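Protein chains in written order, with our numbering: chain A, 45 to 634; chain B, 237 to 322.
Just so you know, the hints here were simulated from the structure itself, not pulled from any lab data.
Predicted model, so just to flag it, every value in this text is computed and none were measured.
Each residue gets a CB set at the ideal place from its N, CA and C atoms; glycine is no exception.
A portion of the hints provided could be inaccurate.
To be verified - Per the computed footprint, the stretches of chain B lying under chain A, defined by three or more beta-carbons under 8 Å from a beta-carbon of chain A, are:
| id | stretch |
| --- | --- |
| 1 | 243 to 252 |
| 2 | 266 to 272 |
| 3 | 279 to 285 |
| 4 | 294 to 307 |
As the list claims (entries may be wrong) - Away from chain B, derived, C-beta distances all over 12 Å, residues of chain A:
| id | residue |
| --- | --- |
| 5 | Tyr115 |
| 6 | Met122 |
| 7 | Trp124 |
| 8 | Val193 |
| 9 | Ala224 |
| 10 | Gln251 |
| 11 | Thr295 |
| 12 | Ile334 |
| 13 | Tyr336 |
| 14 | Gly343 |
| 15 | Leu383 |
Said to hold, decoys possible - Below, in silico cross-link-like pairs of lysine-lysine (DSBU-like), each with a Cα-Cα straight-line distance of 30 Å or less:
| id | chain 1 | residue 1 | chain 2 | residue 2 |
| --- | --- | --- | --- | --- |
| 16 | A | Lys82 | A | Lys389 |
| 17 | B | Lys248 | A | Lys483 |
| 18 | B | Lys248 | A | Lys82 |
| 19 | A | Lys611 | A | Lys537 |
| 20 | B | Lys316 | A | Lys483 |
| 21 | B | Lys316 | A | Lys82 |
| 22 | A | Lys611 | A | Lys82 |
| 23 | B | Lys248 | A | Lys611 |
| 24 | A | Lys537 | A | Lys144 |
| 25 | A | Lys158 | B | Lys316 |
| 26 | A | Lys158 | A | Lys141 |
| 27 | A | Lys268 | A | Lys286 |
| 28 | A | Lys483 | A | Lys158 |
| 29 | A | Lys537 | B | Lys248 |
| 30 | A | Lys268 | B | Lys316 |
| 31 | A | Lys389 | B | Lys248 |
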Amino acid sequence: MSLQALTYLVVGLSFALYIGIAIWSRAHSTGDFYIAGKGVSPIANGMATAADWMSAASFISMAGLIAFLGYDGSVYLMGWTGGYVLLALLLAPYLRKFGKFTVPEFIAERYYSKTARIVAVICLIFISFTYVAGQMRGVGIVFSRFLEVEVTTGLLIGMGVVFIYAVLGGMKGITYTQVAQYCVLIFAYTVPAVFIAIQITGNPIPQLAFGSEIPGTGTALLDKLNDIVTSLGFTEYTSGSKSRIDVFCITMALMVGTAGLPHVIVRFFTVPRVRDARISAGYALLFIAILYTTAPAVGSMARYNLINTMQPGEVGSVDGNLAYEDRPGWFDTWRQTGLVTFDDKNGDGRIQYYNDSNPEFAALAADYGWSGNELDVDRDIMVLANPEIAGLPDWVIALVAAGGIAAALSTAAGLLLVISAAVSHDLIKGIFLPNISDKRELMAGRIAAAFAIAIAGYLGFDPPGWVAQVVAFAFGLAAASLFPAILLGIFFKRINKEGAIAGMLTGLIFTYGYIEFFKGLFLKWAGAPWGTNTAEYWLFGISPEGIGVIGMCLNFAVAIAVSYATKPPPERIQHMVEHIRVPRDLSTKG
Amino acid sequence: MATPELVRQYWKANLRLVGICLVIWFICSYGFGVLWVDQLNQVRFGGFQLGFWFAQQGSIYVFVALIFFYAWRMNRLDRKFDVHED
């Protein structure tokens with residue numbers, strides 16, 4: 045069977061599975077639709093959370109990013125896992141005890157204010173749409189590369205599948221589909237990693253392989269990698285080029301942002317008990333960790349493989365570089381997509397891959413007769429092309445395509461659901477039509493989900509230029525706005541609505557302003573960015589990616605100061621806080 | 237029966253446990269993986285430099301272990317102070 049037919053078969057089977065699950069687990073009430081009737085087992089919720097969390101970016105881009113960033117890539121590894129500790133210890137059990145449907149609903153009740161609810165809904169919708177646009181784009185890319193259809197066609201197929209199971213099944217359908225998607229994506233991620241680990245080091249476990257010796261050389265893989273990359277003018281793989289404070293702040297912004305993302309928080313509303321919410325966060329992180337500890341191994345081995353392929357002989361010797369006519373097959377397939385580019389600048393018919401923006405290396409490169417780096421490999425293709433680069437069998441390549449689509453669809457569905465819940469539950473029922481019946485609210489939720497899919501599809505088809513930057517914005521925003529408001533709401537009874545609203549707005553405006561100033565988001569027409577985006581101009585040397593941390597601190601400070609300057613929250617709110625801190629329902633049993 | 241006094245003590249014990257866990261969380265990621273990474277990189281751990289290993293592997297293992305540890309200890313606290321569910 046040809047690779048393309050095999051890919052169609054594997055992807056088609058996975059789609060049939062998702063739709064089958066959706067029909068089996070249809071939603072019958074708003075409780076089913078928003079939070080799966082609170083009946084999901086902690087392990088199933090853990091898997092669903094993991095699939096929800098690991099997006100097209102985690103699956104497709106992260107290992108490639110780490111391959112090129114080396115140590116600096118650690119910000120993503122720690123940042124996108126450590127937030128679960130904050131979730132399990134500080135938020136999930138208490139929000140589960142609160143026992144309602146959405147994050148803005150908690151903010152509204154804790155801060156007895158419709159204004160606070162509207163602010164929270166705005167944050168939520170912005171964060172979620174940003175994300176979902178990237179997911180739909182990821183679906184389109186995987187489709188166009190592996191199934192050789194137009195990006196638009198791929199996008200429409202992806203939208204159709206999400207439409208069926210999100211609109212029909214709501215949270216219940218999504219949860220069980222995500223369990224299946226987790227299995228597909230983790231299998232697709234680890235199988236090629238194991239193959240490559242065996243090829244390079246002989247050790248089948250990727251997490252150990254990248255700390256192993258390369259057989260026959262007596263040198264560890266990472267030491268060898270350090271040697272080769274420095275001999276080509278790159279920064280040493282195991283030490284980075286970002287400043288310590290920046291690494292610190294980006295990691296913190298991603299961690300806190302994770303804990304403040306509505307589509308992640310809401311997953312812990314679906315389990316039956318408070319103690320299930322705690323343990324479920326543990327399972328979620330365990331399932332996430334399987335991919336997140338494999339990714340740095342894949343990254344280092346992919347970098348090693350790539351350089352070894354391009355530089356088979358000694359650096360600087362005439363025949364040390366790969367001759368163009370000896371190029372491997374994947375080189376041409378990926379070149380057609382424009383994600384691999386080659387330009388024989390010195391006309392020697394060989395491929396030179398090195399760091400030509402390192403001034404200290406320039407003289408040496410000139411000595412070698414090199415006139416610039418000739419090969420550009422897009423970071424996004426490292427995982428997708430890895431099986432081909434390593435010469436793995438066709439079924440592995442087909443599996444990776446299905447895995448990438450599973451990762452993108454599962455995240456998109458989770459995001460679309462929180463958007464539709466925010467519209468039907470927080471806006472329509474919470475503010476405009478408080479007396480709407482359960483049945484009509486469910487219908488409103490389905491219509492909102494359908495609209496959200498259409499908008500997401502449009503954003504994926506025609507992404508505004510700023511999608512990449514806005515990812516940093518989404519995390520910074522969540523860290524600076526929602527996270528402090530929820531945390532203070534649980535741990536400090538004294539925080540009142542004035543404090544919470546002032547804090548959220550301060551964090552939001554500061555973080556948004558800083559990113560707009562250095563990177564430019566919506567005000568490009570007015571001349572943004574106004575600042576030079578380099579370390580010497582940054583506040584305390586913190587890049588816009590990490591500035592959410594300062595926004596969060598400001599939010600805390602303002603919320604506490606304003607709360608103490610105004611009158612305490614009403615008695616019933618203080619009772620509510622006491623109530624959510626304790627697992628048992630004391631009002632009826634105690 | 238959980239009295240208000242017991243509930244107060246329960247909350248205090250919970251805050252103490254959260255505090256301990258967060259200190260470990262901070263040291264293993266921001267400490268070993270970021271702030272003291274250069275010093276730890278002088279130490280070899282198999283084929284890894286130790287600081288690099290913490291930044292890309294070790295911290296994640298510690299995170300997973302911490303959540304399970306917290307969940308286990310909290311279940312015990314819930315029973316001890318008679319505030320558990322069911």
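These are the hints, each one checked on the structure:
1. 243 to 252: holds (count 4)
2. 266 to 272: holds (count 4)
3. 279 to 285: holds (count 5)
4. 294 to 307: This one holds; 10 residues, not fewer than the three required, reach chain A with a Cβ under 8 Å.
5. Tyr115: Violated, because the least Cβ-Cβ distance between A:Tyr115 and chain B comes to about 6 Å, which does not exceed 12 Å.
6. Met122: 5 Å, violated
7. Trp124: For A:Trp124, whose nearest Cβ neighbour in chain B is about 10 Å away, the distance does not exceed 12 Å, so it is violated.
8. Val193: A:Val193 is indeed farther than 12 Å from all Cβ atoms of chain B, at 37 Å.
9. Ala224: 23 Å, holds
10. Gln251: 6 Å, violated
11. Thr295: Violated: least Cβ distance 7 Å, not greater than 12 Å.
12. Ile334: 10 Å, violated
13. Tyr336: Violated, since 6 Å does not exceed 12 Å.
14. Gly343: 9 Å, violated
15. Leu383: 25 Å, holds
16. A:Lys82 with A:Lys389: 62 Å, violated
17. B:Lys248 with A:Lys483: 43 Å, violated
18. B:Lys248 with A:Lys82: Roughly 29 Å separates the two Cα atoms, so the pair holds.
19. A:Lys611 with A:Lys537: Holds: A:Lys611 and A:Lys537 sit about 12 Å apart, inside 30 Å.
20. B:Lys316 with A:Lys483: The given pair, whose Cα atoms are some 43 Å apart, is violated under the 30 Å limit.
21. B:Lys316 with A:Lys82: Given pair B:Lys316, A:Lys82 holds - Cα atoms ~26 Å apart, limit 30 Å.
22. A:Lys611 with A:Lys82: Violated. A:Lys611 to A:Lys82 sits at ~36 Å, over the 30 Å cutoff.
23. B:Lys248 with A:Lys611: Since the Cα atoms of B:Lys248 and A:Lys611 sit roughly 26 Å apart, the hinted pair holds (cutoff 30 Å).
24. A:Lys537 with A:Lys144: It holds: about 20 Å lies between the C-alpha atoms, which stays within 30 Å.
25. A:Lys158 with B:Lys316: With Cα atoms ~39 Å apart, A:Lys158 and B:Lys316 exceed 30 Å; violated.
26. A:Lys158 with A:Lys141: 22 Å, holds
27. A:Lys268 with A:Lys286: Measuring from Cα to Cα gives roughly 22 Å; hence the hint holds.
28. A:Lys483 with A:Lys158: It holds: about 24 Å lies between the C-alpha atoms, which stays within 30 Å.
29. A:Lys537 with B:Lys248: 15 Å, holds
30. A:Lys268 with B:Lys316: Not satisfied, since the Cα-Cα distance of roughly 54 Å exceeds 30 Å.
31. A:Lys389 with B:Lys248: Violated - the C-alpha atoms of B:Lys248 and A:Lys389 are around 68 Å apart, more than 30 Å.
Consistency note: the structure conflicts with the earlier hints numbered 5, 6, 7, 10, 11, 12, 13, 14, 16, 17, 20, 22, 25, 30 and 31.
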